[in-house]
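Protein chains in written order, with numbering that gives the first Met the number 0: chain A, 0 to 245; chain B, 0 to 340; chain C, 0 to 119.
Hints were generated in silico from the structure; no laboratory data involved.
Predicted, not measured: the structure shown is a model, and the values here were computed from it.
One or more hints might be untrue.
30 Å max Cα-Cα, derived DSSO-like pairs, lysine-lysine [said to hold, decoys possible]: (1) B:K270 <-> B:K309; (2) A:K146 <-> B:K6; (3) B:K262 <-> A:K191; (4) A:K146 <-> A:K74; (5) A:K99 <-> A:K191; (6) B:K262 <-> B:K309; (7) B:K6 <-> A:K191; (8) A:K99 <-> A:K74; (9) A:K79 <-> A:K99; (10) B:K1 <-> A:K146.
Computed spacing ranges between beta-carbons, pair by pair [as the list claims (entries may be wrong)]: (11) B:G217 <-> A:T204: 54 to 60 Å; (12) C:I16 <-> B:G155: 26 to 32 Å; (13) A:S92 <-> B:I31: 39 to 45 Å.
Here are some chain B residues the structure puts well away from chain C; computed CB gaps all over 10 Å [said to hold, decoys possible]: (14) G22; (15) V105; (16) Q112; (17) A229; (18) T277; (19) D295; (20) R331; (21) L334; (22) L335.
We put the beta carbon where it would ideally sit given N, CA and C, even for glycine.
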Amino acid sequence: MENGSRFPPTRWSVVDAARSDDPAEQARALDTLFAAYWKPVYKYVRLRWNRPAEDAQDLTQGFFAELLERQLLTKFDPAKSRLRTYLRLCVDSFVMNQEKAAHRQKRGGAVTHLALDFPAAEGELAGATIDPAAIPSPESLEEFFEKEWIRSLFALAVEELRHLCQERDRDRTFRLFEEYALAGDPDISYEKLAHEYAIPVTDVTNALSWARREFRRIALERLREICATDDEFHREARAVFGSDAP
Amino acid sequence: MKFLSDKALERLREGADTPDLAGTRYRLLERIARGGMGVVYAAEDQTLARRVALKVLDVPIPGGVLAHRLNREARVLARLEHPGIVPVHDVGTLADGRVFYTMKFVEGQRLDQHIQTVPSLPDRLRLFLRICDAVAFAHDRGVLHRDLKPANVMVGAFGEVLVMDWGLAKILRDSVPAANPADPDATIFQSPNAQPAEPDATPATAVTGHGTILGTPGYMSPEQARGDIAQLDQRSDIFSLGALLCFLAAAPGQAVPPMRKDKSLDAICAKATAAAPTERYSSVGELSADVSRYLDGLPVSARRETIPEKVARFYRRHSVPILLIAAYLVMRVLLLIFSRR
Amino acid sequence: MNKVLLGLLLGAVLGAIDGASAWFTPAVRAQLAGIIIGSTVKGLIAGIAIGFFARKVHSLLLGIVFGLAVGFVLAFIVAQMQHGYYFEIILPGSIVGMIVGYATQRYGAPAAVAAPSRQS
Numbered sequence: 000m001e002n003g004s005r006f007p008p009t010r011w012s013v014v015d016a017a018r019s020d021d022p023a024e025q026a027r028a029l030d031t032l033f034a035a036y037w038k039p040v041y042k043y044v045r046l047r048w049n050r051p052a053e054d055a056q057d058l059t060q061g062f063f064a065e066l067l068e069r070q071l072l073t074k075f076d077p078a079k080s081r082l083r084t085y086l087r088l089c090v091d092s093f094v095m096n097q098e099k100a101a102h103r104q105k106r107g108g109a110v111t112h113l114a115l116d117f118p119a120a121e122g123e124l125a126g127a128t129i130d131p132a133a134i135p136s137p138e139s140l141e142e143f144f145e146k147e148w149i150r151s152l153f154a155l156a157v158e159e160l161r162h163l164c165q166e167r168d169r170d171r172t173f174r175l176f177e178e179y180a181l182a183g184d185p186d187i188s189y190e191k192l193a194h195e196y197a198i199p200v201t202d203v204t205n206a207l208s209w210a211r212r213e214f215r216r217i218a219l220e221r222l223r224e225i226c227a228t229d230d231e232f233h234r235e236a237r238a239v240f241g242s243d244a245p
Numbered sequence: 000m001k002f003l004s005d006k007a008l009e010r011l012r013e014g015a016d017t018p019d020l021a022g023t024r025y026r027l028l029e030r031i032a033r034g035g036m037g038v039v040y041a042a043e044d045q046t047l048a049r050r051v052a053l054k055v056l057d058v059p060i061p062g063g064v065l066a067h068r069l070n071r072e073a074r075v076l077a078r079l080e081h082p083g084i085v086p087v088h089d090v091g092t093l094a095d096g097r098v099f100y101t102m103k104f105v106e107g108q109r110l111d112q113h114i115q116t117v118p119s120l121p122d123r124l125r126l127f128l129r130i131c132d133a134v135a136f137a138h139d140r141g142v143l144h145r146d147l148k149p150a151n152v153m154v155g156a157f158g159e160v161l162v163m164d165w166g167l168a169k170i171l172r173d174s175v176p177a178a179n180p181a182d183p184d185a186t187i188f189q190s191p192n193a194q195p196a197e198p199d200a201t202p203a204t205a206v207t208g209h210g211t212i213l214g215t216p217g218y219m220s221p222e223q224a225r226g227d228i229a230q231l232d233q234r235s236d237i238f239s240l241g242a243l244l245c246f247l248a249a250a251p252g253q254a255v256p257p258m259r260k261d262k263s264l265d266a267i268c269a270k271a272t273a274a275a276p277t278e279r280y281s282s283v284g285e286l287s288a289d290v291s292r293y294l295d296g297l298p299v300s301a302r303r304e305t306i307p308e309k310v311a312r313f314y315r316r317h318s319v320p321i322l323l324i325a326a327y328l329v330m331r332v333l334l335l336i337f338s339r340r
Numbered sequence: 000m001n002k003v004l005l006g007l008l009l010g011a012v013l014g015a016i017d018g019a020s021a022w023f024t025p026a027v028r029a030q031l032a033g034i035i036i037g038s039t040v041k042g043l044i045a046g047i048a049i050g051f052f053a054r055k056v057h058s059l060l061l062g063i064v065f066g067l068a069v070g071f072v073l074a075f076i077v078a079q080m081q082h083g084y085y086f087e088i089i090l091p092g093s094i095v096g097m098i099v100g101y102a103t104q105r106y107g108a109p110a111a112v113a114a115p116s117r118q119s
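This is chain A alone, in the form it adopts within the complex (with noise of 0.2 Å):
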């Protein structure tokens, strides 16, 4: 399930979740941060500290393990920082501690059940604007991870919205939206989708209307479950919708 869990749309974040003494809602909690972080996580390790292919996947999977046993985000404070901040810098501190303790990492844990596309992950890194040659600066670092972080949610949001498409007959709709913003055709317009699928402008301008609206809803919910609270979700939502955004 690579989608990770999805929760009732009450007001629930990961941070609630890990707190609370309900196993179950421990471990769903984990899995929904697995399922945004895992990408940034993987390929932060790769370009942030050189590692290759098979010690970053260690490293990524060893990194969430811990991430649970010693119930790190318990000990988040959102009045420090960030939600994914924190989780940056827990990662930096799990990958020098692995350094200094110089053994390999668990592999799964509580998270196996989830299906990691490393060579995936690894084939976008090849896209990497950050040179792993030189020595990164803390903000090009946090760029980075940022980046990648709304990358991993805004896929998580497309795929849901495919998912949602298909549940309701309107496969059209998320093949116009997948042509229109997902394929990178400078030239594409609704005029042209409109001729390609024999149906009026209009058909086309309403789908695409909607789908946004969708995926906007979706991102924002799939947000909000990772952000500790309503401030971070509202300064997140800005950095990934506004012109804050990298």
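Fit chains B and C to the given chain A structure using the hints.
Just chains B and C now, kept in the frame of chain A:
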């Protein structure tokens, strides 16, 4: 899961952020700026065939208490009909639930840009008095601005001065009946559990709701910087006005070095920006009256003059007749001396 | 008080004071009353002219210059009539004219503006 390229990310973000104005009478033209609490776009009002500024409040999740309060805020602001306050034309809700409002599209310059073309200190102070007029009017209607700064004042093409961006405004007393009588809060951006902004928050990100620190560093009153929302009143805006006054007096002009303020103007700035609210002017009217007195060469309430300073001010105010009378007397004395020789 | 009246009164008063300062010149002390009356009338005439000018022209500099010119001309005429004491008459007369010029520009009610007719 499909990989999203950077281009796709950008398109998704833009697509999700760009307001969908279908069902409204507006047509989106271009994005102008990000202000406090939202993004401002230029749009066309297709009914009246005029350009408007359309602000979409970026509160992410639509509906609920927050959207209701924002709506109410827009209605209150729409009643601030003053030539110095940018008028609100319309308020509505987008299809995705985000609240928007439209206001007059101001073509002009921000004050911090415009002031560089105003070398004369008296002219700058007269600009300041017009800003005070607008703020005093709002205070009289029970509305605080809370984010007064040069970037939030526009000078239009015809010299009109407009105070903008009331997105952080606080309503001290509500002249608009609440749709929900049970709504207890006087402010939109307040929560019982106010949390301080995180250390790495930029001024833009510090400007959020829900009890976090609101305003802009440098122009924010100390009580506002502390997040002490309960203590905010018109004196917080007076602090900001004082900081604005200092900026106007000190900002360099075109090929003009920063102006030397004299002690009276320094005293006005100091009083307006006093750390304790009790030591500031108690109203915008008092502040603007002092600035007017300064412009007229009269003594200001912020400072007690020494006798030499009073004499010097009297001389400056009446230098022409004093010199004429002195010339007459000197001439008389000289004539007397020469006639006796 | 309108500018003409202000000019008239101020011109008369300053003219009288200026005339009275002749007391410091022993040679003309005997004619002091006549000097004061003459100077007062001179000041009054100058003040009226300067006041009228101030109603029409709103410029401090021009008002002072006009006052100087009127004061000079009238003082010159008086000095010619006296066949002497040119400096003692013209210089103070000119400065008094400048003072009246300043005062009428700076103070005094401007000419009343005609009330606009009602819009139909």
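Checklist entry - When you look at the beta carbon of L335 (chain B), is every beta carbon of chain C farther off than 10 Å? => result It is violated; L335 (chain B) is separated from chain C by about 5 Å at its closest Cβ, not greater than 10 Å.
Checklist entry - For T277 (chain B), is the shortest beta carbon distance to chain C beyond 10 Å? => result holds (41 Å)
Checklist entry - Given the hinted pair K262 (chain B) and K309 (chain B), is their alpha-carbon gap at most 30 Å? => result The hint holds at about 12 Å.
Item to check | Given as non-interface: V105 (chain B), which should sit over 10 Å from chain C by C-beta | outcome: holds (31 Å)
Item to check | Cβ separation check - L334 (chain B) to all of chain C, threshold 10 Å | outcome: violated (5 Å)
Checklist entry - For R331 (chain B), is the shortest beta carbon distance to chain C beyond 10 Å? => result Non-interface label on R331 (chain B) violated, nearest chain C Cβ at 6 Å vs cutoff 10 Å.
Next on the checklist: Holds or violated: K146 (chain A) and K6 (chain B), Cα atoms, limit 30 Å.
Outcome noted: Holds, because 12 Å separates the two Cα atoms, which is no more than 30 Å.
Checklist entry - Does K309 (chain B) lie within 30 Å of K270 (chain B) when you go C-alpha to C-alpha? => result Cα-Cα ~20 Å, so holds.
Item to check | Outcome of range test on Cβ distance (G217 (chain B), T204 (chain A); 54 to 60 Å) | outcome: violated (45 Å)
Checklist entry - Is it true that the CA of K79 (chain A) sits at most 30 Å from the CA of K99 (chain A)? => result holds (27 Å)
Checklist entry - Far enough from chain C: is every CB of that chain over 10 Å from the CB of A229 (chain B)? => result Answer for A229 (chain B): holds, closest chain C Cβ roughly 51 Å.
Next on the checklist: Checking one constraint from the list: CA of K262 (chain B) to CA of K191 (chain A), max 30 Å. Satisfied?
Outcome noted: Roughly 69 Å between the alpha carbons, so the hint for K262 (chain B) and K191 (chain A) is violated.
Checked against the numbered hints listed earlier, the structure breaks hints 3, 5, 11, 12, 20, 21, 22; every other hint is satisfied.
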